[in-house]
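*Asks:* Sequence:
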Amino acid sequence: MGIWMQWGLLDLCTTVSQSLGAYHDLVLVIIGSILIGVGLFLCMFLLHKRLYKGMLNRSVKSNEKLEVVWTLSPAIFLSILGFESLVNLYSMEVGDGVVNSVEAHGHQWYWDYNYVYSMGVLIEWFKGNNWDAVMDLVFPGPTSMGDLDSASFSCADLWVASQLVGDWAVSMESYGIEESSLGFDSLKSNNFRKMDVTSFCILWQGMINEVKVSTSDVMHSWGVPALGVKVDAIPGRVNVVGINPLTSGFYFGNCYELCGPGHSSMPIFVGVFNRLNSEFLLQESVINSCDWDNLVSNCDEVMIIEKATESKNEFFNYDESVAESESKL
Numbered sequence: 009m010g011i012w013m014q015w016g017l018l019d020l021c022t023t024v025s026q027s028l029g030a031y032h033d034l035v036l037v038i039i040g041s042i043l044i045g046v047g048l049f050l051c052m053f054l055l056h057k058r059l060y061k062g063m064l065n066r067s068v069k070s071n072e073k074l075e076v077v078w079t080l081s082p083a084i085f086l087s088i089l090g091f092e093s094l095v096n097l098y099s100m101e102v103g104d105g106v107v108n109s110v111e112a113h114g115h116q117w118y119w120d121y122n123y124v125y126s127m128g129v130l131i132e133w134f135k136g137n138n139w140d141a142v143m144d145l146v147f148p149g150p151t152s153m154g155d156l157d158s159a160s161f162s163c164a165d166l167w168v169a170s171q172l173v174g175d176w177a178v179s180m181e182s183y184g185i186e187e188s189s190l191g192f193d194s195l196k197s198n199n200f201r202k203m204d205v206t207s208f209c210i211l212w213q214g215m216i217n218e219v220k221v222s223t224s225d226v227m228h229s230w231g232v233p234a235l236g237v238k239v240d241a242i243p244g245r246v247n248v249v250g251i252n253p254l255t256s257g258f259y260f261g262n263c264y265e266l267c268g269p270g271h272s273s274m275p276i277f278v279g280v281f282n283r284l285n286s287e288f289l290l291q292e293s294v295i296n297s298c299d300w301d302n303l304v305s306n307c308d309e310v311m312i313i314e315k316a317t318e319s320k321n322e323f324f325n326y327d328e329s330v331a332e333s334e335s336k337l
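Here my numbering is used: the first residue of the sequence shown is 9, the next is one more, and so on.
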């Protein structure tokens, strides 16, 4: 995020953004050199009466060396800039080794982020803890399942695992927080005017993240300067960009395409975490999206059926023992 009286660029946290920053410095050096050279020749031409006291060499009608120099020198400068630009464009491609994939979908005037996440790690955690610890995480305080003991957990954990198995599609809508909602008593915002959102985009630190940008209405542009990305969201197309953040943190951006009267109210807020913390945030989103009331009631039904089955088995075992004793008599 830019600060007051800042002269340089933002803190660049990807190799792509750092390469773009170096390219920016290279362009400034070349432009400065050309400006100084052309300015010197212009001053010599305008002030030739004072500098050379009006004396000119009128016998010189051509100078092939000078023509070669002023023809090749711009070509050399443009070739250097073109080569560096192609290298940067090549490095911005996604390539192989994508670990995390995110879909950024633009609307008037908000973003929604979609993830596909497997709950295998969380299921193993469910199986490794007792039911009370699990329910304390999901429902802080007393719950309707609080009277279950560890003996009945074998049924409960299997039921929960069966409900969470497989890949989950997690969707988060990111709205800009109004200025009137900001304040020191607000726990859902960082109090950054025109920057805070309800849900931020989650990226993994030190790994290649694939961001697929699309739109459902008009053109938008998903851009985060510190990450070195700016992708246009075009109707009917999906543009893809690869991001490999070097450091964890929070990074801000905006929609850089005029998309209507609410264009200024759809900021971009990206949170970069390590893999463990990112998975925890996605697991929390999956847990919060579950219909736990229905899940608990279904679990009650399963346990009732299990207890009824155990009673039925005990009854049949008793009948078999009675029949064996009568046959012996």
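Treat the hints with care, as some may be off.
Listed below are the simulated DSSO-like cross-link pairs for lysine-lysine, each with C-alpha atoms no more than 30 Å apart in a straight line [to be verified]:
id, residue 1, residue 2
1, Lys73, Lys57
2, Lys238, Lys202
3, Lys61, Lys73
4, Lys69, Lys57
5, Lys220, Lys238
Calculated from the structure, these hints are not laboratory results.
*Asks:* For each hint, tell me whether it holds in the structure or not.
*Replies:* Evaluated hints:
The straight-line distance between the Cα atoms of Lys73 and Lys57 is roughly 25 Å, inside the 30 Å bound, and the hint therefore holds. For a cut-off of 30 Å, the pair hint linking Lys238 to Lys202 stands: about 19 Å separates their Cα positions. Distance restraint check for Lys61 and Lys73: the Cα-Cα separation of roughly 26 Å lies within the 30 Å cut-off, and the hinted pair is therefore satisfied. Our distance criterion of 30 Å between C-alpha atoms is met by Lys69 and Lys57, whose separation comes to about 20 Å.
Only pairs whose Cα atoms come within 30 Å are accepted, and Lys220 paired with Lys238 is accepted, the gap being roughly 12 Å.
Comparing the model with each numbered hint stated earlier shows that all of them hold.
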